[in-house]
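Protein sequence lines correspond, in order, to chains A and B. Reading the first sequence from the start, the letters are residues 1 to 335 in the numbering used here. Reading the second sequence from the start, the letters are residues 1 to 290 in the numbering used here.
Some hints here could point you the wrong way.
[To be verified] Beta-carbon label-pair distances, calculated as ranges: (1) Q4/B - R132/A: 36 to 44 Å; (2) Q70/B - K107/A: 44 to 52 Å; (3) R132/A - N41/B: 24 to 32 Å; (4) D69/A - L205/B: 29 to 37 Å; (5) R105/B - K74/A: 49 to 57 Å; (6) R132/A - L205/B: 13 to 21 Å; (7) L60/B - D108/A: 52 to 60 Å; (8) L93/B - A116/A: 39 to 47 Å.
[What the hints assert, rightly or not] Just some of the chain B residues that point at chain A, by a computed CB distance under 8 Å: (9) E54; (10) E184; (11) M191; (12) I203.
Note that these hints are calculated values from the structure, not bench results. Glycine included, C-beta positions come from ideal geometry on N, C-alpha and C.
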Amino acid sequence: MGRITLQGVQKSFGPVHIIKGADLEITDGSFVVFVGPSGCGKTTLLRLIAGLEDVTGGAILIDGRNVVDVPPAKRGLSMVFQSYALYPHMSVRGNIAFGLKMAGVAKDEINRKVEAAAATLNLTPYLDRKPRELSGGQRQRVAIGRAIVREPKAFLFDEPLSNLDAALRVQMRLEVTRLQKQLGTTAIYVTHDQVEAMTMADKIVVLNGGKIEQYGSPLELYEKPNNLFVAGFIGSPKMNFVTGELAKQQGATTIGVRPEHLKVERDGQGGWQGTVAVAEHLGSDTFLYVDAAALGMLTARYVGELDLHPGDKVSLIPDPARIHRFDDSGKSIHA
Amino acid sequence: MATQQTQLLARTLLTPAVALLFIWMIVPLALTIYFATLHYNLLDPGSESFVGLENFRYFLTDPAFLASLQNTLVLVGSVLAITIILGVPLALLLDQQVVGLSIVRLMVIAPFFVMPTVSALVWKNLLMHPVSGLFAWIAHLFGLPAIDWFNDAPLFSVILIVSWQWLPFATLILLTALQSLDEEQKEAAEMDGASAISTFVYITLPHLARPITVVILIETIFLLTVFAEIFVTTGGGPGLQTTNIAFLIYSQALIQYDVGSASAGGLVAVVLANIVAFFLVRIVGRNLEA
Numbered sequence: 001m002g003r004i005t006l007q008g009v010q011k012s013f014g015p016v017h018i019i020k021g022a023d024l025e026i027t028d029g030s031f032v033v034f035v036g037p038s039g040c041g042k043t044t045l046l047r048l049i050a051g052l053e054d055v056t057g058g059a060i061l062i063d064g065r066n067v068v069d070v071p072p073a074k075r076g077l078s079m080v081f082q083s084y085a086l087y088p089h090m091s092v093r094g095n096i097a098f099g100l101k102m103a104g105v106a107k108d109e110i111n112r113k114v115e116a117a118a119a120t121l122n123l124t125p126y127l128d129r130k131p132r133e134l135s136g137g138q139r140q141r142v143a144i145g146r147a148i149v150r151e152p153k154a155f156l157f158d159e160p161l162s163n164l165d166a167a168l169r170v171q172m173r174l175e176v177t178r179l180q181k182q183l184g185t186t187a188i189y190v191t192h193d194q195v196e197a198m199t200m201a202d203k204i205v206v207l208n209g210g211k212i213e214q215y216g217s218p219l220e221l222y223e224k225p226n227n228l229f230v231a232g233f234i235g236s237p238k239m240n241f242v243t244g245e246l247a248k249q250q251g252a253t254t255i256g257v258r259p260e261h262l263k264v265e266r267d268g269q270g271g272w273q274g275t276v277a278v279a280e281h282l283g284s285d286t287f288l289y290v291d292a293a294a295l296g297m298l299t300a301r302y303v304g305e306l307d308l309h310p311g312d313k314v315s316l317i318p319d320p321a322r323i324h325r326f327d328d329s330g331k332s333i334h335a
Numbered sequence: 001m002a003t004q005q006t007q008l009l010a011r012t013l014l015t016p017a018v019a020l021l022f023i024w025m026i027v028p029l030a031l032t033i034y035f036a037t038l039h040y041n042l043l044d045p046g047s048e049s050f051v052g053l054e055n056f057r058y059f060l061t062d063p064a065f066l067a068s069l070q071n072t073l074v075l076v077g078s079v080l081a082i083t084i085i086l087g088v089p090l091a092l093l094l095d096q097q098v099v100g101l102s103i104v105r106l107m108v109i110a111p112f113f114v115m116p117t118v119s120a121l122v123w124k125n126l127l128m129h130p131v132s133g134l135f136a137w138i139a140h141l142f143g144l145p146a147i148d149w150f151n152d153a154p155l156f157s158v159i160l161i162v163s164w165q166w167l168p169f170a171t172l173i174l175l176t177a178l179q180s181l182d183e184e185q186k187e188a189a190e191m192d193g194a195s196a197i198s199t200f201v202y203i204t205l206p207h208l209a210r211p212i213t214v215v216i217l218i219e220t221i222f223l224l225t226v227f228a229e230i231f232v233t234t235g236g237g238p239g240l241q242t243t244n245i246a247f248l249i250y251s252q253a254l255i256q257y258d259v260g261s262a263s264a265g266g267l268v269a270v271v272l273a274n275i276v277a278f279f280l281v282r283i284v285g286r287n288l289e290a
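Chain A extracted, bound-state conformation (with noise of 0.2 Å):
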C-alpha cells in the first residue's frame, strides 16, 4: 500500500516561504508527476515527503498515518537521486545491498532480492563492477534497483534523467513507466520536463512558486487549465495568448488558443492575418512562427509538411470549440 495524502504542508527556509501550503491526495499504484518550472518547491516538496526536510506545518500521511517526526529510513520510501548518488567504492552488488544490510535482512534473502532486482533491471552482468565503469544508463538502473530492492510503498524521483542524453532518457522513460506499473508501487517524480510529465504520469501536479496551480490528469490538464500558467506551461509549443479586443468580444481578459487548433490558410482572408515569420519543416510537423501585427507572434502547428516561407502571407483561423478564455485574475471561465 502507498497512499500519500499532504494536508496544508507547509515550508519556510527562515523568511522565505518555499512551499506555501500543499494539500494533495495521491491514491495507491498511482504515478503522480510535480512539474514546475524550476525554484517552484517540487524538489522541496518531494524532500519534504522523503524526510529529508522536515516541514514548518502540516501533515504528511502516508497509508493515513501522520509521518512527520518519522525519519526518512521508517517512511518506507525509497529514493532515486538526480546525481544517482550511488556508493562509488561499492560494488552494484552492495549498492543495491546496502539497505537491506542496513535493516538487518539475512545474507542469503539479501542475494536473493538483489540478484531478483538486478535480473529486472538487466543489470545481472555487472554486479560485480564499480559504479565507475558503468555507462549513465546503467548508472540509473543501479540507483532504480537500489530503491526497488527494499519494496517500498513509494518512489520517489528527483530529476533522475536530467543527466542522459536524450535518445536515453526516451528509453528510460519507457523503462521506468513500465517498471512502476509492472511492481504496482506509487510513484512521486519530480521533472521540469513537461514532456515527460505528460508521458509518464497518471497524474501531473503543476506547481509554481510554491503553490499546486492544478492536480489531474495530463488530459484533464491540457483540454480544462485551471488558469494562464496551467494553460501556458503543459503543451509544446507553448499556447497562444491573445489581450485586447478580441479577447472582449469572447467575454474574457485573456484568450488563448493552442498551436495545433489554429487551422493556417495561405492568403486567407477570415481569422487573424499574419505574416510568416520563421517555418520550422520537421517533415512530420511544420511549425510556423506568424507576425499577426497587433496579436504579437502567434505560433501555429500542421500536421503534415506545408509548403510555407518567411514572408508569405497566412491567415490562422482558430478552432472555436478549443479556444481557452481566462478572466482578470487569469483564472479559466467554463462555459
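For chain A, the structure is supplied; the task is to place chain B on it using the hints.
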C-alpha cells in the same frame, strides 16, 4: 614542423633549469659518496685516506644505529597513528556548521605554521617543564607529582610535540576531502536507513581512504627527518633514547667530527628511506590509483 620547433624550443629553454637541478643534486651526492669512503675526521686534519667500506661497517655495527633506527620507526609510526586517529574526528567536527567556525578552523590550523624550533621551545619551557611548566601546575592542582617529561618519557614527549605540529596538516587534508563528499550520497544512506555510525563506516571512511593515503605518504617523508624538535628538547638523550637516524648522523658529523662516518650514515639513511617508500607505495599507494 611547427610541433618539432616547439619541442626543440621547449627543450632548449628547459635545459638550464634541469641542468641546475641536476648539478644541485649530483654534486652533494657524489661528494657524500666520496667522503664515505675516506677516513676523514675534522679533529685530525690532513690525515684523509681511502678506507673503502670501513665507514659503513663502523656505522652499521654501531649499537647506536639500531637504537636510532628503532626510534625513527617508532616516532614515524606513532605520529602517523596519532595524527590520523585524531585528525578524522577533528575534521568531522570542523565540517559541522557552528558559529565562529572560521576562527576555530584558523586556530586548529595554526600549529602547522609555527616553526619546529619555536614549538619545541614552547613545549619544553612553558608546557612540559617540571618546575615552571603548565602541565606541572595542573598536576599540582590535583595533588599529583609533576612529571619530568624529557627524563621519564623522552621519546613520548618528542612524539607528542611532533604530533601536535602535524595534526593540523592531517586535519586540513581530511577536512577538504570531507567537504567534497557528495551530499546526496549521505542522504541516500539516510534513506537506506544507515545510522550515523554506519554512514561513517560505510560511506565516509571509504571516501577518506585516499586522503589518508596522501597524509601517510607526505607525513612519512617529513617525519623520517625530524631533527629540530629533538635538538632543542632532548639533544638525542637521555642516552640514545630520542636519537633518530637524522640526529645520529648529525652527532657523527658535528659532535664527533667524523665526516666519513657521517657521510656513510647519510647514504644508509637514503637507502632506508627508499626501502620505506617502496613498502609504503606497495601497501597504501594502490589507493591512489583512480
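Each hint tested on the structure:
1. Q4/B - R132/A: 36 to 44 Å: At 38 Å between Cβs, range holds.
2. Q70/B - K107/A: 44 to 52 Å: 45 Å, holds
3. R132/A - N41/B: 24 to 32 Å: 60 Å, violated
4. D69/A - L205/B: 29 to 37 Å: 30 Å, holds
5. R105/B - K74/A: 49 to 57 Å: Violated: the Cβ-Cβ distance is about 35 Å, outside 49 to 57 Å.
6. R132/A - L205/B: 13 to 21 Å: With Cβ atoms ~19 Å apart, the hint holds.
7. L60/B - D108/A: 52 to 60 Å: Roughly 59 Å apart at Cβ, these two residues keep to the hinted range, so it holds.
8. L93/B - A116/A: 39 to 47 Å: 42 Å, holds
9. E54: Since chain A brings no Cβ nearer than about 53 Å to E54/B, farther than 8 Å, the hint is violated.
10. E184: 4 Å, holds
11. M191: Holds, because the Cβ-Cβ distance from M191/B to chain A comes to roughly 5 Å (cut-off 8 Å).
12. I203: 6 Å, holds
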